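Protein sequences appear in the order of chains A and B. Letter 34 of the first sequence, counting from 1, is numbered 34 in this note's numbering, and no numbers are missing. With the second sequence counted from 1, adding 150 to any position gets you this note's numbering.
A hint or two may mislead.
Footprint (simulated), chain B over chain A, 3 or more residues, beta carbon under 8 Å [stated by the list, open to error]:
| hint | stretch |
| --- | --- |
| 1 | 30-36 |
| 2 | 40-53 |
| 3 | 62-72 |
| 4 | 75-87 |
List of simulated lysine-lysine pairs, DSSO-like, C-alpha gap at most 27 Å [what the hints assert, rightly or not]:
| hint | chain 1 | residue 1 | chain 2 | residue 2 |
| --- | --- | --- | --- | --- |
| 5 | A | Lys90 | B | Lys265 |
| 6 | B | Lys240 | A | Lys115 |
| 7 | B | Lys265 | A | Lys93 |
| 8 | A | Lys93 | B | Lys243 |
| 9 | B | Lys265 | A | Lys115 |
| 10 | B | Lys243 | A | Lys115 |
| 11 | A | Lys90 | B | Lys240 |
Worth flagging that the hints you see were computed from the coordinates, not collected in a lab. Note that the coordinates shown come from a computational prediction; the quantities given were computed from them, not determined experimentally. Glycine included, each C-beta is placed from N, C-alpha and C at the ideal position.
Protein chains: 2
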Amino acid sequence: MSGLLHFEDFPVGRIFELGPYPVTREEVIAFAREFDPQPFHLDEDAANSSVLGGLSASGWHNCAMLMRMMCDGFLNRSAGMGSNGLSEVKWLKPVYVGETLRGAMTVLGARISSKRPEMGILECRWDLRNEAGELKVEETGVLFMRVRAP
Amino acid sequence: MSGLLHFEDFPVGRIFELGPYPVTREEVIAFAREFDPQPFHLDEDAANSSVLGGLSASGWHNCAMLMRMMCDGFLNRSAGMGSNGLSEVKWLKPVYVGETLRGAMTVLGARISSKRPEMGILECRWDLRNEAGELKVEETGVLFMRVRAP
Numbered sequence: 001m002s003g004l005l006h007f008e009d010f011p012v013g014r015i016f017e018l019g020p021y022p023v024t025r026e027e028v029i030a031f032a033r034e035f036d037p038q039p040f041h042l043d044e045d046a047a048n049s050s051v052l053g054g055l056s057a058s059g060w061h062n063c064a065m066l067m068r069m070m071c072d073g074f075l076n077r078s079a080g081m082g083s084n085g086l087s088e089v090k091w092l093k094p095v096y097v098g099e100t101l102r103g104a105m106t107v108l109g110a111r112i113s114s115k116r117p118e119m120g121i122l123e124c125r126w127d128l129r130n131e132a133g134e135l136k137v138e139e140t141g142v143l144f145m146r147v148r149a150p
Numbered sequence: 151m152s153g154l155l156h157f158e159d160f161p162v163g164r165i166f167e168l169g170p171y172p173v174t175r176e177e178v179i180a181f182a183r184e185f186d187p188q189p190f191h192l193d194e195d196a197a198n199s200s201v202l203g204g205l206s207a208s209g210w211h212n213c214a215m216l217m218r219m220m221c222d223g224f225l226n227r228s229a230g231m232g233s234n235g236l237s238e239v240k241w242l243k244p245v246y247v248g249e250t251l252r253g254a255m256t257v258l259g260a261r262i263s264s265k266r267p268e269m270g271i272l273e274c275r276w277d278l279r280n281e282a283g284e285l286k287v288e289e290t291g292v293l294f295m296r297v298r299a300p
């Protein structure tokens, strides 16, 4: 456990860079087929004639890809304790097949739970961008992290 | 197009019942392996000794299952135009393997976009519960829906 990142390693202002994550046609369609089978996430023609303007990932797929980037980036070497939710998810622009995503997590707030002194509560913001730096998704939410020295 | 539900079919207060959706071990582990490979979503022993108390779905998997229930429930016979995000996602309780989920979507607000008169903006709340009625997930967010008669 001692090698894991704990609450104390997430001070306010710390930024974790995440990714890269290539968005493949296969994965976009597989996710949409299972969880969001709307025509504009499944079919190029329907996508091109939709408001999205091309084959793009489900908004939930965007969130899932960002989650995977977090696990690979730091969470799977952290004493993470899950989350109870988000106060904002903004799908600002479609994430298109063929783009490569990069993310960043910024710690906005950090406090120890008054009920559970072994648990830290991190308020974080996540940004998801393509290789050109266009902001695609913004999330604000909570991450629970074990306190090293409660 | 005439058979599809449009903005006019989503008055404030209308409730859409969704599901059922059985939560299988196979699907929980497959989703976690791909998008949220934290030990407590992958392995029974790690799950039992975690704060979650048993093998449970990734929070993002919960959202994805609810999305699928929406598509099956009404969205794939609606003139949906996507969404730009949510103002709240609450993961209130873990969703365990073996539970069966039911959802509900309530229309909280409905207005026509001032910039795009062909597009309606629905503000909605979603609830996700198990068969015993325990509230697991709550979301509040936006759904864009084509106006039948702009």
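Agreement of Lys90 of chain A and Lys240 of chain B with the hint, judged by alpha carbon distance not exceeding 27 Å: Status holds; Cα separation ~15 Å.
Coverage of the stretch 40-53 of chain A by chain B (three or more Cβ within 8 Å): Contact hint for the stretch 40-53 of chain A vs chain B: holds, 4 residues under 8 Å.
Lys240 of chain B paired with Lys115 of chain A [C-alpha distance capped at 27 Å]: holds, 19 Å
Coverage claim, chain B over the stretch 75-87 of chain A, checked by counting residues with Cβ within 8 Å (three needed): holds (count 10)
Restraint check for Lys243 of chain B with Lys115 of chain A, where alpha carbons must lie at most 27 Å apart: Holds - the C-alpha atoms of Lys115 of chain A and Lys243 of chain B are around 17 Å apart, at most 27 Å.
Lys90 of chain A paired with Lys265 of chain B [C-alpha distance capped at 27 Å]: Given pair Lys90 of chain A, Lys265 of chain B holds - Cα atoms ~19 Å apart, limit 27 Å.
Pair hint outcome, Lys93 of chain A versus Lys243 of chain B [Cα-Cα no greater than 27 Å]: violated, 31 Å
Claimed coverage, the stretch 30-36 of chain A by chain B - three or more beta carbons nearer than 8 Å: Result for this restraint: holds, n = 4.
Distance restraint between Lys265 of chain B and Lys93 of chain A, which requires alpha-carbon spacing of 27 Å or less: Given that 27 Å is the threshold and the Cα spacing comes to 17 Å, the pair holds.
Distance restraint between Lys265 of chain B and Lys115 of chain A, which requires alpha-carbon spacing of 27 Å or less: Roughly 47 Å separates the two Cα atoms, so the pair is violated.
Coverage claim, chain B over the stretch 62-72 of chain A, checked by counting residues with Cβ within 8 Å (three needed): holds (count 6)
Hint violations for this structure: numbers 8, 9, all remaining hints satisfied.
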